[in-house]
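On the provided structure of chain A, position chain B as indicated by the hints.
Sequence lines, in order, name chains A and B.
Under our numbering, the residue at position 316 of the first sequence is numbered 299, and the numbers go up by one with no gaps.
Under our numbering, the residue at position 155 of the second sequence is numbered 138, and the numbers go up by one with no gaps.
Please note that a few of the clues may not be correct.
Remember, identical chains collapse to one label, so a pair may be satisfied in a single copy or spanning two.
Stated by the list, open to error - Calculated cross-link-like contacts (lysine to aspartate or glutamate; reagent style DMTMM-like; alpha-carbon spacing at most 25 Å): (1) K201 x D98; (2) K299 x E13; (3) K201 x D240; (4) K88 x D208; (5) K294 x E13; (6) K214 x D98; (7) K88 x D197; (8) K100 x E293; (9) K201 x D148; (10) K299 x D194.
Since the hints were made in silico from the structure, they are not lab data.
Number of protein chains: 2
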Amino acid sequence: MNSLNFSGGPGILPESVLRETQQSIEAVPEVGLSILGISHRSQWFADVVAEAEANIRALLDVPDDYCILFLQGGATLQFSMIPMLLLRHTGKTAEYLRTGYWSSKAIPEAVLEGDVKVVWDGESCGFRRLPTAEELEFSPSAAYLHYVSNETVEGTQFHQVLGLDDVPRVCDMSSDFLSRPVDVRRFSIIYAHAQKNLGPAGVTVVIVKRDLLDSTPKGIPALLDYREHLKAHSIYNTPPVFAIYVAMLITRWILKDVGGLEKMNEINQQKARLLYKTVDESNGLITTRAALENRSLMNVVFGFQNTEIEKLFLQKSALVGFSGLNGHRSIGGIRASIYNAMTIPAVEKLSAFLRDFVAAHCIA
Amino acid sequence: MNSLNFSGGPGILPESVLRETQQSIEAVPEVGLSILGISHRSQWFADVVAEAEANIRALLDVPDDYCILFLQGGATLQFSMIPMLLLRHTGKTAEYLRTGYWSSKAIPEAVLEGDVKVVWDGESCGFRRLPTAEELEFSPSAAYLHYVSNETVEGTQFHQVLGLDDVPRVCDMSSDFLSRPVDVRRFSIIYAHAQKNLGPAGVTVVIVKRDLLDSTPKGIPALLDYREHLKAHSIYNTPPVFAIYVAMLITRWILKDVGGLEKMNEINQQKARLLYKTVDESNGLITTRAALENRSLMNVVFGFQNTEIEKLFLQKSALVGFSGLNGHRSIGGIRASIYNAMTIPAVEKLSAFLRDFVAAHCIA
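Only chain A is shown next, with the shape it has when bound in the complex (with noise of 0.2 Å):
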């Protein structure tokens, strides 16, 4: 039997991904060769990056003058290319949210690049809640605003639009990426890495303002140049063939068999309600990490007052097929990914099986 895989990332395909995804390593029916042996040159392959960036447009509606490039290095080198970008030889501050830990990841490669101001920072409240728009005080005259709508580590999630219309606004969304709806005309630059959402790792979408990239600074090594992406329809270089075909493919899942942004966000709601429920029904015996009003709809990160039951909470959930449960290295405890091709029945029974298990070390 294969495992239900609630892990952080690399995380779960939908089946029907995965059925065509299979196939296409014998052979794309419509090219007669190994999905791995195709030319990244071929008519075949820049359809595919046509539809991918198509489907993301028409998902996202993204507007005419933001280009979506399909990049390699994950959201890690983003940290690098944006501030390449917007911060180097400006003379200007960038300013970031401090709010977990993908965004602290985020931080010394901007020191790289310039001054970098970090307007909010959650470490003295252990990353447990996210910052108010009340709480925030950002400069007009900023190169940027930085923040991660999702952060994956410790469970925490925006539901709203952070900075100020006036300055760039710059997101990473690698977990949350195609999960809900979201304004693409308020942001200068959004990206996401493709393993949690979008595909396998290996690839990472970047949306991006045009005109913003009119001012690129000379002396940028041109695989970290925005523009020569854009000039070659994300082709400038050998690109990773299989991870934009399967992100292809998701983005028509996402698209045709969900239908839309909308749908999708409802699934992942009720996804979540179903998880969160369950916790906040333990009697306290379990806890969630963020606050209430933070928590994310893809990462249901929790822990049990007691270590011990907790252990055995991880162990016997792997032994009965629940895949991934286990909470990031940094900071323990449990987290249930329950990213777009999490079905809502896979839920079900994990959530059944938590109260099973509360009901049971409750009385004991």
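This is chain B only, laid out in the frame that chain A set:
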């Protein structure tokens, strides 16, 4: 019927590896999860990386004072990472051989980091031949020498090691890596993207002498700093799990099924001989692009004297299932790429088809 893939890359992969890969898309048997959803922090994946490294170490007899890294960004990112490491702030000059399309691409990226001297430029001879050792004059105080062992586009290949032993020797082996034995001790850095002999696009192998990393200049983004990847055993950020897994399977195939690089080289020699013989016996109807002594064992690049007949050959060969024979878009002509996974019977088929075609058009 699926086609025979003579593409310049991404290229053909071994049938047995494709079958195992296909199974892994549904589930890796020992894990019970799709390869696309397995955590890069799992013990299973750590073992995959360790085996890939061990296999390469065994195949090339890589000494312990070299590390083997699996990175993203293709050879193109190495065009930048290498001068960042070895040229930036040194005040020295890096020496480059310009022998074709790919070595030409490396040079402007190095220029961004310091002084570059092109020691040999093959443009005047249309990149049809490579320099001999006697023609070249190297400086003993150069930062390093960079060259490309096999020019994929032009079909030329060095059959000896160049440069001074006291100057770091850096070689882009993207298109002949693991196709033949190499004396790694004579190189400081060897790098190769995967999509020729090693696997699907999306991962790049770098073999680097460890002590070179001690002088890494400050201010390099973490993702472009080899030391970060070394410390993290190539799992600094989420790596391209799937591409590394397939690359591991291929190193296992060369080691266990083929029987090592001596054997691999014999097979590759035999395939190349078959095709070049057919060209040489065409009474001048077809000729190779490369000079006799520089012919590549990986990319047999040739052309018909008559461009109309050439067009006809490309049409007819495609119709009967030979795929990817069009020459690179920059030079045209015909290119039969016969990477490791291309079998002798498949090359015999192409050779026979070519011979028959030539015979028919000699008479006509």
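Hints, verified against the model:
For the homomeric pair K201 and D98, the shortest alpha-carbon distances inside one copy (19 Å) and between copies (17 Å) are both at most 25 Å. Taking the closest pair of Cα atoms, K299 and E13 come within 25 Å of each other only across two copies (19 Å); inside a single copy the shortest separation is 46 Å, beyond that limit. For the homomeric pair K201 and D240, neither the shortest alpha-carbon distance inside one copy (44 Å) nor that between copies (49 Å) is at most 25 Å. Within a single copy, K88 and D208 get their C-alpha atoms as close as 21 Å, and across copies as close as 15 Å, so both meet the 25 Å cut-off.
Taking the shortest alpha-carbon separations for K294 and E13, only the inter-copy value of 23 Å comes in at or below 25 Å, while the best intra-copy value is 50 Å. In this assembly of identical chains, K214 and D98 lie within 25 Å of each other by CA distance neither inside one copy nor across copies; the values are 30 Å within and 28 Å between. When the C-alpha separation of K88 and D197 is checked against a cutoff of 25 Å, the pair qualifies only between copies, where the shortest distance is 24 Å, while the shortest distance within a copy is 27 Å. With identical chains, the CA atoms of K100 and E293 are never at most 25 Å apart, being 38 Å at best within one copy and 62 Å at best between copies.
Proximity of K201 to D148 under the C-alpha cut-off of 25 Å is found in neither arrangement, the shortest distances being 27 Å within a copy and 35 Å between copies. In this assembly of identical chains, the alpha carbons of K299 and D194 never lie at most 25 Å apart, being 54 Å within a copy and 47 Å across copies at closest.
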